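**Q** Line by line, the protein sequences give chains U and W. Residue 6 in the working numbering sits at position 6 of the first sequence, with consecutive numbering throughout. So the number in the working numbering is just where the residue sits in the second sequence, counting from 1, plus 1000.
Simulated from the structure, these hints should not be mistaken for laboratory data. It cannot be assumed that every hint is accurate.
[As the list claims (entries may be wrong)] Covered stretches of chain W (chain U as the covering partner; in silico rule of three or more C-beta atoms under 8 Å from a C-beta of chain U):
{"id": "1", "segment": "1092 to 1102"}
{"id": "2", "segment": "1105 to 1114"}
{"id": "3", "segment": "1122 to 1133"}
{"id": "4", "segment": "1158 to 1168"}
Please read all numbers here as calculations on a predicted model, not as lab measurements. Ideal placement from N, C-alpha and C gives every residue a C-beta, glycine not left out.
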Amino acid sequence: MCKGDGKMKKLSLVLAAVFAVLMLCSCSGAKEGSKAENTKSLAQVFKDIRSKVEIDNFNEYKSGDSLDRFYGLTDKDYTEFAGGINSTGTNQEEILLVKAKDKNAAAAVKEALDNRYKSKVAQNKNYNPQQAAMVEKCKVEQFDLYVTMIVSPNAEKITEIFKSDLGL
Amino acid sequence: MKKISLLICVLIVITSVFSGCGSDGKSSGASPDQAVTTAAKSTPDQTSDSATGEDASWFDDAVFVGDSVTNMLNIYCMNDPEALGKAQFVCAPSLGFTNAQWALDDENNVHPSYKGKTVLAERAAELTGANKVLIMLGMNDIGIYGADGALDECKKFTQKLLSHSPNVKLYFQSVTPKMTSHEDNTIDNNLIKDFDSKLEKFCNENGYKYLDVYHQVCDETDALPEKYCGDPEPDEGQGIHFNTEACEIWIDFLKKNV
């Protein structure tokens, strides 16, 4: 056996080891990927909610401008969102599902939604008792990076679907 | 040669592994930018392209201050930039000239929420940077304080607003009509018209623009017809809020008359 063959063998072994490590990384990456595929986007979750719960006269938020308009949230705060608001201006149904960028952003989103919710309670309590009662039964919730404000006569069912779809 | 071949193989493997990981990462979750792109492609539910007069961009530096009637306009304009451009809204259900002047921490306050924060309507222009303020308030005052009392509160509110933003141009929109079926002893259309005529006089005396939205949406009896009402139900509805058709008329009127 010549020296060249020995070096070649060593090199092959090193390369084989590198390849094995890379394959392992690749496999774990694929697992994470498939997990991500199983996690629905908020748009999908909201579509699922609308297919299972009757939500009438509803203007869905189509761009980040709406989140700035109603909640003061910008794309610095979230990675995705879904929801909308009743289009009549009197019915107080309003749903927002947000995935914050990180923990700090989640706290900021929670604060913004808390403020919005408190305003809705205050604006309706002496004005529209029926709507006020509905609003007061609802709440803002946080699940790690997800923050929701689900103000709806069907809030419980909507929350249930939201949590189920995201495995929360 | 063998070494070079092996190295090339390794590079191919590394490239394929890492490029695969990258694509997985991208596939999870939609970014805000993607959401905006999707929105830009989608067609708005309603458009006001037929309107002549001022372009929607005229409203880019305007803020609307109002109650639940204006709140409907806010929601209507949400997904339709062709309606009133980048107009901003500081409005809340049950807001009136009187309760708009209550303290922010008043336990009965009904102050509007602007960008997630509860604010005083008198600071609307200051907060939004608007040069034009279009106000529609009074419906929640006249039933309690009468037309004269409501106008007194209107004058006080105006002074407060101008103290924060002395250079803004003010536009007062009339209070709008009720459905006849919903008129009652507290608020009927005669009271609304009485207030509106006083408001118009106030505007003329002070150089503010008065915008008569009332007569754009009323029928021959001066009432809000059911076809323009968003809450005509006898029990639950108030018979005062607009539907999308009335909002379109309102927007068209504003564009032609501001």
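**Q** Hint numbers the structure violates, sorted upward?
**A** Hints 3, 4 not satisfied by this model.
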